[in-house]
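With this note's numbering applied, the sequence shown covers 1 to 524.
By construction, these hints were calculated from the structure, which means they are not laboratory data. Some hints here could point you the wrong way.
Listed below are the simulated DSSO-like cross-link pairs for lysine-lysine, each with C-alpha atoms no more than 30 angstroms apart in a straight line [claimed, not checked]:
1. K306 x K316
2. K390 x K316
3. K13 x K25
4. K390 x K306
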Amino acid sequence: MKGLSYLFITRIKNSLKELVRHPSKLILYIFCLAMLVFVFFTSRLEGIETSQLRDMAELRAMVLALYTFIFILTTFQGLSSGGTFYSMADVNLLFSTPISPRRILTYGIVRQMGTSLLVGFFIFFQYGWMHQQYGLDLPGILIIVLGYGATMFVSNLTAIAIYSFTSASEGRQKILRLILEGVCVAAVGYVVLPLFWDHSHILETLVARMDSPVLRLFPVSGWAASFTDYLMMGQWAFAMIGLALLLGFSVLVFLLLSQGKCEFYEDVLQATEVSAAAITAKKEGKLDGASLNPRHVKLGKTGLSKGRGASAFFYKHLLESRRGRVFLLDKMTLLFAVCTVVFAFFIRDAGLLPIFVFAAYMQVFSISFGQWARELTMPYVYLSPAPAFKKLVMICAQSIFQMLLESTLIFVVAGIMAQASIWDIVGCIIARVSMGLLFLAANILLERLVGSAVNKTITMMLYFLAVIILIIPGAVAAIVLGVMLQLPVMLPSFLVLTVCNTAIAALIGFLCRDVLNYAELNNR
């Protein structure tokens, strides 16, 4: 056990030394901490009226939905690729040593506890609107993050156990998949079915169902939500019941893994290799193996029936996106769209403007997943004899088309919820597309200026800095016009924002067109 303790302490020491050797990481951490302090400070400056606070049951319902989404996603992953608590360094150092598997599993669990809490760090940045809308205080947000970390940890432990006991038998996988799907369908039915009988109080019925004791029995996520909810309400006895269920389930899974006949070394090895390959690819600015060689591909139609010259890239991307999409959008884009629609449902009384801000905020992170970024790693895009600017437009065209579909889906639904005018809905759609163009231009600008060889921490900081600078002209012009005209609709302000963003994005694209003339620019 001394060897594991030494390894754990040494990893912590090396992490601290990395901050000295790579000041960019320290700067990023300080920047994130400063932004977090700014969020808390500005939220406290604005006074809140208790009479205008929304029902805390809505927040509890959102917390339960978040925990359940994490648990279901991670659990179903356990049916295919499993989960891991380890890095490749752990595999090389520990798996070949004479240390007992139970101790190595304990070491992995202790490491995962810290990682699970760090992953939930982004929740702190949601404190502003939670405090303004629901009166959530600082201990409350800490409790939500703690529950998120517990859900992540137990979900990963469950995924490892599921993969360990079902990977050798396809029949077990099918049976367990049916059980999990049955539980999910039953939970969704419990929440949704009453909405068909009562159309007059949709939000109240939905929140009442989500906040009911029945869903607190849902495995892991329901227990974690019970712990956080009752702890925020000061009902310690009920909170301890949820905590006891989480701890008991975790101990049971741990005993099954450590004392069962399955060998978890082999079960987590594949997931560790996939995770390590993805991290390495990200650091090198390349595509990960799952993107280049997906396990499941919808073949369907093959070959390009349209497109000539640079436009062939657009039709190629349409064909590739059709094979991996769910309905009209790919999985990642659909996930961001669903999150935005859920947010719009709870904030609809405030109008479309806060929904637009949230949708643009989510777009900052989703824009880099488009086909255009993958195309920069392929040699034929540089060898094509079309003009560089035209090629750049065409490899981005599919991302722009997807922005339009996603924005239309989000704001048509959100507009109906908020009972907004058709002109405000149209304005939000075109303005969000223009914001996507701006974020796309910021990515292209960084590719042109720094390539992929620069430290990714610095690249991330430069990206956010570029986004802030590029947004300022259009945002200022839209705000000034809105204050001057005082119109009942926001369409003129959105049009000004769209014109400014589109002009800036087009200028950046034209000036950075050489990014497709010289492949070396992306590999410096």
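We went through each hint and held it up to the structure:
1. Pair hint K306 plus K316 holds up; C-alpha atoms about 9 angstroms apart against a cutoff of 30 angstroms.
2. For the hint pairing K390 with K316, the CA-to-CA distance comes to about 15 angstroms; that is within 30 angstroms, so the pair holds.
3. The straight-line distance between the Cα atoms of K13 and K25 is roughly 15 angstroms, inside the 30 angstroms bound, and the hint therefore holds.
4. Straight-line distance between C-alpha atoms of K390 and K306 comes to about 17 angstroms, which keeps the hinted pair within the 30 angstroms bound.
When the structure is compared with the earlier hints, no violation turns up for any of them.
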